[in-house]
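Participant: Make a model of the complete structure from these sequences and hints.
As they're listed, the protein sequences go chains A and B.
Residue 144 in the numbering used here sits at position 144 of the first sequence, with consecutive numbering throughout.
Residue 133 in the numbering used here sits at position 133 of the second sequence, with consecutive numbering throughout.
Treat the hints loosely; a few may be bogus.
[What the hints assert, rightly or not] Sample of chain A residues lacking proximity to chain B, with all beta carbon distances greater than 12 Å (derived):
(1) MET1
(2) GLY101
(3) THR107
(4) GLY110
(5) ALA177
(6) ARG187
(7) ILE216
(8) LYS273
(9) GLY301
(10) TRP372
(11) THR381
(12) PHE391
[As the list claims (entries may be wrong)] Covered by chain B, per the in silico footprint, the following chain A stretches (three or more residues, Cβ under 8 Å):
(13) 396 to 408
(14) 437 to 443
I should point out that these hints are in silico values taken from the structure, not numbers from a laboratory.
Just so we're clear, the structure is a prediction, and the values are computed from it rather than from any experiment.
We treat Cβ as the ideally placed atom computed from N, Cα and C, and that holds for glycine.
If you want the building blocks of each chain, they are given just below.
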Amino acid sequence: MLFNSAVFLFLFLPITYGVFWALSTKNARYIWLTVTGYVFYGYWNPYFCLLMLFSTLVSYTAGLAFLRWKTPRQRRLILTLPVVVDLTLLGWFKYADFAIGSWNWVTAWGGRPPLAPLDILLPVGISFYTFHTITYIVDAYRGHITPTRNFWEFSCYVSLFSQLVAGPIVRFRELQADLEGIDHANRRQFLDLGWSFFIIGMVQKVLVADTIASVIDPAFENVSALSTAGAWLSMLGYSYQLYFDFAGYSNMAVGLGFLFGMHIPKNFDSPYKALNPSDFWRRWHISLSRVLRDYLYIPLGGSRGGGSAVYLNLMITMLLGGLWHGASWTFVVWGGYHGLLLCIYRRFGSHWDRLPEWLQRAGTFLLVVVGWTFFRAVTWTEATELLGTMFAPVAGVLPIGTAVLCAMLLLAGGIAHLAPNSFQLSHRWSPAAAVGLVGLLVLALVRIYGADSSPFLYFQF
Amino acid sequence: MWAWGLGRLAPLVLAGWLGLDLGLRMLPVEQLGVSPFTASQRYAGRYAPFRANARLQVSEQSAGQNALTGNLTPTELRPPLRFSTDELGYRRNPEIPRGAAPQVLMLGGDSFIYGANLSDSETLPAALTRASGLAVYNGGRSHTQRMTLKDLDWLLDQLPGRPTTAVMVHLEQHNPTPEDLSRSSPITENLSYVHSLVTNWWLASPLSNATRRLFREFADDRILPNTYRDAIAEYTLPDGRPMLFRGSETMPSAPGVLSRRTPKKLRDTAEYLLAWRDKLAARGLTTYVLLMPTRHTLYGPWLEEGESRSRVLQAGENLSLLAEELRANGVPTIDGLTVFRETAEQDLRTGDLPFYREDNHWTAEGVERMAAVLADTLASAVPAATTISRLAGDSSSAR
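Facilitator: What follows is the structure, given as structure tokens:
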């Protein structure tokens, strides 16, 4: 189910909200949120609910085991087994066909017959809830959290609909206090704030990102026809589409969290205002960056020791981070590209930091836009063709709807580069501003009714 | 904070929007851009495809569905039409008097049989009645609510007399759905009925129609790209005008799909139709099968080239094999491809087609042509003494 769909807005949300606040006990609310989470998830494909349930049961059992068994050997076993199970599920559903394709590509040189792809359907959001459960297990192992004995509390955390399929990747410890006090939540306390976040997110997604997408998606279908200007306009459009799409989803998730008395953490902090690659990753998809840092980069050795080990750790982290986004070599290259940027910045950052601030921001944004070509392209050939068109002037066409695209780029660019982000706003709207916001909500409804609801880009990850 | 903050304003706006949507649904939705077929599927009875005793008149000329789907300027407008149903909730055949016992039951065939884009008197059952003098009952249903065995039994119980002949229409693009022939539990049936009620009601939204139309105005390849066009395959006929096909029409000869239409798949389809034949025979009906090709399979040999043309020819061949398989099993089968392909090349040259150019359905002329062939086939099978011309009552009074 999509946040930007009539069935969510007019059926799922009112019922979920109304019943949630009508219930008073902790367990009743946990159960209700669990049930609604499964309905939300199962609306797409009910069979994959079993997968989420299995992952939940495995991690919950591991949590109980941590409470019971204390020796280091036992704890290592409790850590390893469920993480392997979770990663195996993720690997099977997300990467099996990728592995077969890669194997076929390699063995084709030796003339071996290709293996048949398994055509496995990727369960939406599996990357996100797998990370939810893995971080829970690792945090329990490290003693950062005390695992819950309440199954419903844990299942509510895993299947919480607001952050289920596209994040943010909320760690149990970030939500634990809200979950523990769920029966004392005050419905009115964050009502205005929640709707404010939700409407801003909806406008970002439906009016900004989807409008840009309606111009650039057809353009990307025929990359070879684009002129240099067309390729740059399309890539700039994609950069803003991706940001407003994902930040819009995150804002809606935060807003929905507030409506149910929960604090979903910030996932974006004006990433296109970043001064350097390192700063960019502190601002873009913050919840993922933190997970990669705490559960991969630091265990690998992090910045300890210095020298080439740090560069290796950075590259491994970013390559795997790229692969997390999708089962394709273009994502791996994208991750590697950012790893390289981070390494270069680490080595030569002192020179970069002496540049004027506006130049640092512009330079960082340009590097990020170039990186998005690998992220957007379906194949390696398409990525190189796009980059070739961008950097070697060629004649060709502009995207149809360039006037609309330019207007949207100005608007989106103005907001992304100059305006405060949703967490910097006070959300204390004057009556006129509030009416303006709901006016935008009405426009979003017109679009939701008038065009088919488009899924969020990060759903595919 | 302002007393009327977003916490109250936003839910109010959402409620207002929902109220507007629901309110508009209470009006005669066929006058607000919703097709009469969609409109009359609301409040359909438990075993019926449409609302009983519906009388809908659409006075505006309307564009073909494929032109609408592709957001293309229509070059062909369909005449105004009248849509009415009988007391059972099936499309009315105005050529037979009310209360007359039907001799022939026509079923399957989806919109081709209930008659999308055609007036009551232009549907195949009505044309067949005129051509043969037989009382033909229109058992056509939408593809979203195919006829099940339970629906059939209910219909046969309700009809004033039991027909002796059934014409089962099978569309080329359809896969066999054996579950239609199995009995489901009452719980499943109830859930399915509630689901169809809700779905049919939800689909008939004037507000959604209006906003979609508004949105498509902008997707004109000037302001925004017309991405809807991707759903449609466009060909130019010798007269310079377009012919538009939707995915379901080009699908039977699509590379992936065609390669799956193996002999086993054809046998499965034949077995499915033979199973229907057996069920109908157990109820006293003799079955005839009419196989209907898609327009693309029909006209493709003159529109496509190279590999695509080979695939289209193969799709046509598959349909012929299916017809042979059915005949070999004793089922009289009319191959629609043979009927229409005789003149297909000439149709394309003159532009005078038995099908709409911008809609996947047949025109009244196409229906008449098929009715004549069907009438010839049925002439020897159904006793002449019981034809409509000898029935009591004046058929014109029922129109």
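Participant: When the hints from earlier in the document are held up against this structure, which numbers fail?
Facilitator: 6, 7
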